[in-house]
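Protein chains in written order, with UniProt numbering: chain X, 1 to 664; chain L, 1 to 664.
Simulated from the structure, these hints should not be mistaken for laboratory data.
Remember, predicted model here, so these are calculated numbers, not experimental data.
Be aware that one or more of the hints could be misleading.
[Said to hold, decoys possible] The calculated DMTMM-like cross-link candidates involving lysine to aspartate or glutamate, where the alpha carbons are at most 20 angstroms apart (straight line), are:
no., chain 1, residue 1, chain 2, residue 2
1, X, K175, L, E640
2, L, K26, X, D201
3, L, K175, X, E332
4, L, K92, X, E317
5, X, K596, L, E640
6, X, K92, L, E323
7, L, K175, L, D147
8, L, K24, X, D201
[Unchecked claim] Here are some chain X residues the structure puts well away from chain L; computed CB gaps all over 10 angstroms:
no., residue
9, D8
10, G28
11, G82
12, S99
13, H173
14, P251
15, D309
16, G411
17, D437
18, E466
19, N485
20, S591
21, D592
22, E640
We put the CB at the ideal spot given by N, CA and C, even for glycine.
Protein chains: 2
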Amino acid sequence: MISRDKHDRMANAIRFLSMDAVEKAKSGHPGLPMGAADIATVLFTRFMKHDPKNPDWADRDRFVLSAGHGSMLLYSLLYLLGYEDITIDEIKNFRQLGSRTAGHPEFGHAAGIETTTGPLGQGLANSVGMAIAERILNARYGDDLVDHYTYVLAGDGCLMEGISQEALTLAGHLKLNKLIVLFDDNQISIDGSTSLTDSTDQCARFEASGWNTMRIDGHDPDAIAGAIESAKGSDRPTLIACRTTIGFGAPTKSGTAKVHGSPLGAEEIAGARKALGWDAEPFVVPSDILDDWRLAGLHSAKERKAWEDRLAAADAETRGEFERRMRGDLPETFSAAMLEYKEKLAAEPPKVASRKASEMALEAINAALPETIGGSADLTGSNNTKTSQTGPISAEDFSGRYVHYGIREHGMAAAMNGMTLHGGIIPYGGTFLTFSDYARPAMRLASLMQIRSIFVMTHDSIGLGEDGPTHQPVEHLAALRAIPNHLVFRPADAIETAECWQVAIESRKAPSTLALSRQNLAPVRTSHEADNLCARGAYELAGSDDDARVTLFATGSEVEVAMAAKALLDAAGHPARVVSVPCFELFEQQSDDYRKAVTGNAPVKVAIEAGIRQGWDAIIGSDGIFVGMTGFGASAPAPELYKHFGITAEAAASAAQKRLAELG
Amino acid sequence: MISRDKHDRMANAIRFLSMDAVEKAKSGHPGLPMGAADIATVLFTRFMKHDPKNPDWADRDRFVLSAGHGSMLLYSLLYLLGYEDITIDEIKNFRQLGSRTAGHPEFGHAAGIETTTGPLGQGLANSVGMAIAERILNARYGDDLVDHYTYVLAGDGCLMEGISQEALTLAGHLKLNKLIVLFDDNQISIDGSTSLTDSTDQCARFEASGWNTMRIDGHDPDAIAGAIESAKGSDRPTLIACRTTIGFGAPTKSGTAKVHGSPLGAEEIAGARKALGWDAEPFVVPSDILDDWRLAGLHSAKERKAWEDRLAAADAETRGEFERRMRGDLPETFSAAMLEYKEKLAAEPPKVASRKASEMALEAINAALPETIGGSADLTGSNNTKTSQTGPISAEDFSGRYVHYGIREHGMAAAMNGMTLHGGIIPYGGTFLTFSDYARPAMRLASLMQIRSIFVMTHDSIGLGEDGPTHQPVEHLAALRAIPNHLVFRPADAIETAECWQVAIESRKAPSTLALSRQNLAPVRTSHEADNLCARGAYELAGSDDDARVTLFATGSEVEVAMAAKALLDAAGHPARVVSVPCFELFEQQSDDYRKAVTGNAPVKVAIEAGIRQGWDAIIGSDGIFVGMTGFGASAPAPELYKHFGITAEAAASAAQKRLAELG
């Protein structure tokens, strides 16, 4: 048991490391670490199951700092608890180039940072995914191997963001009772008191969606401990509203917006030292306090050892699969399974929508990979995300492999990220491509974190038809391709869809989006190649660069338009070739030689895509011909829209012929 | 008073028009119109203040169909009530090319469509903006001129989307008691029963944020009327949860997901005709019922006349301003005021961040235009969105001109759209550029609707520094430029900022985003031109095409980098010119001659922008040199980041020189 005095000094260590680091960096957010230090100290000294020496322990409790601007809270904890990645020098280098202690916590910078946070609400939604992952893996591997809590520290900002509603309603519905949210209820946001803009009773709000809630004094260690203890016994997820004073200890600025996001200044820090009785120099933690923290870091070492023993005692197959899944490796049989599936397709190439082709590919993938967990934001039948292997999970039964995410695209994407981060799961989830806009902040974070979340985005153009321009993506391919480290696939037929899915599954360091058609597509790949042609981003599909006067580049549903244009051009005596471009990003990564060979030497280049031109110049040149959209779509049957907007083989062929004539 | 029998027949008219139109289109959503027909009938026959013959009546009640997929409900109503834009032929042409009856309601297609809906939750958030606009205009013009309700029909989808939380918490806080939300509580979503994915008690949820709530039988006309009557007397916004049966009247499919989004089929429709005692042919409304509806459409004619009389009786200045604002015209003095402000700037060009320059411009704009309403998503001090004229509004006092939107970027953008749609207001609202991702679905709709919402996006690059890659936009300029009909401005100094603001304010048919720097920028425009150079999208800032060997194109904070690069190149004997490109979209709209002249003939073209290349090829060509970002940013002081990522005058000059050498 930690005495109150010791608790206070341990919490103050967090406060002063945070104040000092922000002061030295001349930048950062001292308010949250100072205000939430008591909460964090209780959590990490009395509850957190983790092992700083083995930070990747699969069954550790997860701690998510959803209020990521309070990064110094996390860095202080990691340093104090003995995580090797965060040294005192890293703390001193807070927010400097190359440091592990970035302005906001960045996944991958240091062990112990479970997710990248800062964009508000994301961490909370990630944590819902982590808690779902825990339950799913628990259902598969039992309490012996998977049985941990997910703790979240969230602020007013997280709870005001809409994504928090999507996350909490899903968590409440699934009764994720091992999810415990500590709400740093300091009533202050950047513009001032939260009463400027909000009157929500957060406890009542969470209760309305089935949560257990409590209100406590966030500076009373016993109250905090009692609340967490009680939360652990609940059959529902718990929100603990901890009333705190932001910047606790700052003599004149605490409790105000001034302490939120700026250095306190030397005078205020000196005042805090006096007020809290802290004599140590900046960045110095008195050795007895550091010892106490390091000791706290050892609390779960025995528990981890016992867990290792249980893992060792498990049957070899279970252990092997568990370890493989947690590493994120694929079974060796995977590529053979995909090849076999492709062979089957090549034998009788189906004319199906690529969303249907995706379902067929998933049927093969889900059979080969027990770790895939599907889902959709209430468009299951349209996204074709459900296969024979994927029964839905529910509060009563987590043995399924499908999540009905509800009409919550943003929450879905962020929860998927949480599952990926948890490990042991490869999540994929669907909505319409146009609604990628709703999920975009989470999709961006997946890219930044370099994690394998897979977004299934169907109805990928005006090809969706009558639903009209609100539902027709036009700029979305370009907008998603703009995100660094995001693989955007737009396959042209069933074989390409299988290949793209395989690359997405095998890309451990990048998320993927599959843009898929609503409408049926004629097969363009009919022969079987062992090679995954889509893995190179673009490839020559038809014709030859030897004699081609025109190269037609296209993606997805427009590849068959390009093939028809080629036929027209060939017939008119202008040999043409077709290059399919399922993934810009991967094509960009190829060697210059390969790219030049694929781009080819034909004097006329035409790109066909039912989206905007932006991004295509990199392939066809700024003098290339683009056949696509220049504005929003319209509401009408799809074939009429293609004609109306001039995305036809005739239009492409005639533009190419006109250009050829100009060239003489 | 309408008898129950008459009510039923009037409601059935909506049901059959909807069924028949969806059936003929072979596409659409019959479930909601059939389920919500009773609600809509009560609302429009007993409450709605509107005049089909004068649909733009400023003080009409607004009706927002947030569940936009139920568009046939709205089209049926407009036809039945006598709105001239929606004829029976338009109903028959539902979802066909060129019809006014698009798949989802589209603002601008027909009078009576108050906003474009379909992307779920947007309409609800629009309505919060409309209700805010009503209160603000009421505070200015009094009950005589502005005193109306905003009614919303929302479904489960709207309420599951996170944006609904942002909207309802803001509405509850502001006690928008003239906002009445009719929740079509049919417990069905596309994947099946909402119990698959949600357990939220919606009434309890809304109450937690200060709403008045009721639960009623959504098929009982008197219960509906009683609830609306009671809501009108509340001092808080009201949610009326109307329990309905989706697809009411469909004999085998009602109450199931099957009736949500597909034609019912001839047999089911025949069954419905039988069940509901409806003998009329498809698209025929028995004349007595049509007469009753048309009569209902005349209910408010007298009230409108009385309102016209009050407006006529108002003093000329008030009336003039009111009418001008509602038309969306600017006062004639506006351009002179902006010119005067520019002259002042030119006399002493300040070295300020463009976010500060924006505040200065707003100081002039807000003085000239009483209709601007500012705000920020809790970043007021950072976005510099508040000026001396803009005190905050609150539940108690709507005479202010500033909205503390809270940490609700998406809700803010959608509420701004609602204000714009209401009329009488030009809203602008701020957040960090990177969080435009959170607001993107609403920003897209502003573009699609062609309305003047103005988004102030500060901290527009790695120039924000230490907050790191989560907060550093990299792809956002490209992603926003990708949206059709969206003006993305990135001004280089105070004068450009003033010019861009002026164009944004004057662009009645397009929303604007101003991307603004955190860091100070040296003035690049020091002389005074009467012309608004930014209005042409790009212009020659320095040097001359006569002798230039290099043209440097840049935007915003990188224009001063380009100017420094020009100095280096000039000194090295390679005359250079600089083109500032504050707005791609506007540049694209210029004549070929102008564009050619600005692009110039220098053999080497370099673009400098602290974002990704995507989109720039249209200006510099695919062989042009790009100095910018290729991936995510990092956490460090801004000057270090510019060096680290090589966005410097030296890098630009040396790349240009290398290319010149290659060219020989």
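So, going through the hints one by one against the coordinates:
1. Our distance criterion of 20 angstroms between C-alpha atoms is broken by K175 (chain X) and E640 (chain L), whose separation comes to about 47 angstroms.
2. Distance restraint check for K26 (chain L) and D201 (chain X): the Cα-Cα separation of roughly 46 angstroms exceeds the 20 angstroms cut-off, and the hinted pair is therefore not satisfied.
3. Between the alpha carbons of K175 (chain L) and E332 (chain X) the distance comes to roughly 61 angstroms, so the proposed pair goes past 20 angstroms and is violated.
4. Under the criterion of a C-alpha separation no larger than 20 angstroms, the hint pairing K92 (chain L) with E317 (chain X) is inconsistent with the structure, at around 63 angstroms.
5. This hinted pair does not check out: K596 (chain X) and E640 (chain L) have alpha carbons roughly 36 angstroms apart, beyond 20 angstroms.
6. Simply put, K92 (chain X) and E323 (chain L) have alpha-carbon atoms about 61 angstroms apart, too far for the 20 angstroms limit, and the pair is violated.
7. The hinted pair formed by K175 (chain L) and D147 (chain L) meets the criterion: a straight-line CA distance of about 15 angstroms does not exceed 20 angstroms.
8. Distance restraint check for K24 (chain L) and D201 (chain X): the Cα-Cα separation of roughly 48 angstroms exceeds the 20 angstroms cut-off, and the hinted pair is therefore not satisfied.
9. Here D8 (chain X) stays apart from chain L, with its beta-carbon at least about 30 angstroms from theirs, past the 10 angstroms limit.
10. A beta-carbon of chain L comes within 10 angstroms of the beta-carbon of G28 (chain X); the shortest separation is about 7 angstroms.
11. The claim that G82 (chain X) is not at the interface with chain L holds, since no C-beta of that chain comes within 10 angstroms of its own (minimum 24 angstroms).
12. Chain L draws S99 (chain X) into its interface by the beta-carbon criterion, the shortest separation being 7 angstroms against a cut-off of 10 angstroms.
13. A Cβ of chain L approaches the Cβ of H173 (chain X) within 10 angstroms, the least distance being about 5 angstroms, so the stated non-interface status is violated.
14. The Cβ of P251 (chain X) sits about 23 angstroms from the closest Cβ of chain L, beyond the 10 angstroms cut-off, so the non-interface label holds.
15. D309 (chain X), annotated as away from the interface, keeps every beta carbon of chain L farther than 10 angstroms; the closest lies near 39 angstroms.
16. With 10 angstroms as the threshold on Cβ separation, the claim that G411 (chain X) sits away from chain L is violated: the shortest Cβ distance comes to roughly 7 angstroms.
17. Here D437 (chain X) does not stay apart from chain L, with its beta-carbon only about 4 angstroms from theirs, under the 10 angstroms limit.
18. At roughly 4 angstroms from the closest C-beta of chain L, the C-beta of E466 (chain X) falls inside 10 angstroms, breaking its exclusion from the interface.
19. The Cβ of N485 (chain X) does not lie farther than 10 angstroms from every Cβ of chain L; its closest approach is about 7 angstroms, which violates its non-interface assignment.
20. A cut-off of 10 angstroms between C-beta atoms confirms that S591 (chain X) is not in contact with chain L; the least separation is 18 angstroms.
21. Listed as outside the interface, D592 (chain X) is consistent with that label: its C-beta sits roughly 14 angstroms from the nearest C-beta of chain L, beyond the 10 angstroms cut-off.
22. Against chain L, the non-interface label of E640 (chain X) is violated: not every CB pair exceeds 10 angstroms, the least being about 5 angstroms.
Taken one by one, the earlier hints fail for this structure at numbers 1, 2, 3, 4, 5, 6, 8, 10, 12, 13, 16, 17, 18, 19, 22, listed in ascending order.
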